[in-house]
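Novice: Here the protein sequences come in this chain order: E and F.
Just so we're aligned, residue 4 is where the first sequence starts under the working numbering, counting upward by one.
Just so we're aligned, residue 430 is where the second sequence starts under the working numbering, counting upward by one.
Hints listed in this document are in silico derivations from the structure and should not be mistaken for laboratory results.
Every clue listed holds true.
Covered stretches of chain F, going by a simulated chain E footprint (3 or more residues, C-beta under 8 Å):
(1) 442-450
(2) 480-489
(3) 493-507
Cβ coordinates follow ideal geometry from the N, Cα and C atoms, glycine included.
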Amino acid sequence: MKRFSALNLFAEALKGHQGWPEHWPEKEPKPAYDVIIVGAGGHGLGAAYYLAAKYGITNVCVIEKGWLAGGNAARNTTIIRSNYLYDESAHLYDHALKLWDGLSHELNYNTMYSKRGVLMLAHNVHDIQSFKRHIHANRLNGVDNEWLSPEECKAYCPPLDINPNARHPVLGGALQRRGGIARHDSVAWGYARKAVALGVDIIQNCAVTGIRRGPDGAVQGVETEKGFIAAKKVGVSAAGNTSVVMNMAGLRFPLESYPLQALVSEPVKPIFPCVVMSNTVHAYISQSDKGELVIGAGTDQYVSYSQRGALHIIEHTLAAICEIFPIFTRMRMLRSWGGIVDVTPDRSPILGKTPVPGLYVNCGWGTGGFKATPGAADLLAYTIAHDQPHRINAPFTLDRFRDGRLIDEAAAAAVAH
Amino acid sequence: MILIHCPYCGEDRPEVEFVYGGEAHIARPLDPSGQTDPEWESYLYIRANVRGRHHERWRHTHGCGRFFNAVRDTVTDLFETTYKAGEPRK
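Generate coordinates for the entire structure from the input sequences, incorporating the hints supplied.
Specialist: Below, the structure is given as structure tokens:
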């Protein structure tokens with residue numbers, strides 16, 4: 004790996020940028036590894052990086068059926084925040100937020116993390132009560148979150164329409180100033196580049212077709228399109244396809260996979276200074292550094308792996324965006340996409356061990372996995388390295404659906420993730 | 430938008446008339462107090478989440494209002510068939 008620095012950049016500029024080595028060269032898998040990670044998205048690549056960098060396990064392979072970071076890592080709205088209600092969730096997501104802070108420096112790769120603030124709009128009395136409860140809970144957990152009046156919302160985000168007669172009147176908002184956005188590809192690429200430099204192999208275009216278990220039930224390795232690869236520890240970070248992979252090990256999971264759509268507009272000059280979320284009307288909006296408005300919708304209603312969704316979902320979201328920001332009514336939309344998100348019954352992730360010895364899982368992030376990328380990656384790596392969960396992810400077990408200790412963000416939050 | 434055939438109305442109607450009702454053919458336990466924790470877990474939370482041929486319930490909310498079952502491919506979103514509630518799994 005060649006370090007990115009002003010000096011190297013200058014030197015390369017004189018040579019026509021011919022001297023940069025490949026970030027992650029094509030590799031054939033070795034017969035055996037200490038750890039195999041299934042899924043080369045941000046979470047999986049990050050886990051490989053932390054295994055090598057933080058927990059001293061460098062004989063690691065990341066297997067991906069498509070191309071690197073081509074799934075949900077490339078299909079999200081890049082929103083980062085940690086203002087979750089329950090203690091367990093606040094600790095989990097804030098762990099990630101703290102890691103985002105130093106990530107560009109740590110990876111020597113610009114993740115373009117911008118703390119521009121995430122403003123969640125309240126449109127009715129229930130929203131106000133719910134958000135204020137969140138704010139108090141967050142403050143007790145050391146997570147910043149503050150209440151803004153409609154006028155303060157307008158000052159923070161000038162395109163907002165706060166006319167009391169609006170279709171969706173703005174009665175106030177909860178602002179997390181540390182929240183923001185990052186460049187989705189950069190995160191995955193940064194982790195991949197640094198992980199490869201530490202000795203990790205990344206095998207792309209190679210689907211896992213089976214998980215081999217020994218007579219004692221423990222994991223022996225994975226069957227792939229390029230043959231069997233042995234490993235005593237396998238971490239699955241396969242987002243929407245987790246159920247499919249887990250079925251290979253004989254496990255059935257409390258997950259359902261739904262399409263989640265987003266879209267971007269034509270690029271315009273800087274107009275939108277922050278991230279605005281409106282959970283009541285299911286609309287999320289920010290402006291990327293390229294100038295496109297990045298707009299997120301809610302999930303489609305049915306289980307699907309199609310990576311596309313219905314137009315009426317997008318219409319609903321754009322109608323809400325146009326009501327709240329009349330300034331955007333004449334914007335043209337450039338492209339839309341759908342990611343497949345794995346949703347748990349309590350809308351909290353599953354991150355830890357499974358009933359199969361040597362098999363670890365990181366799944367169930369639903370519609371909010373991007374923000375958690377560094378945290379989920381670090382905790383998955385910790386869990387694999389120590390064969391036990393870190394205290395932060397200890398509550399996010401698979402067993403909670405049996406013993407009833409749910410972390411029910413969905414019911415209590417009135418918040419889409 | 431997908432078109433869905435309601436087996437009661439006998440018509441193909443747009444998806445916005447329907448509400449998805451989750452995986453089909455999950456029977457409510459007849460003896461709730463006799464269920465173990467793993468049985469409750471399986472009934473309440475574990476789902477097949479099939480990549481391929483999926484049995485699921487839909488309700489024709491803005492039509493006849495009735496529940497029915499469907500078989501849909503979750504990779505292409507194409508419906509194979511729909512059939513009335515109570516009919517055997519297809």
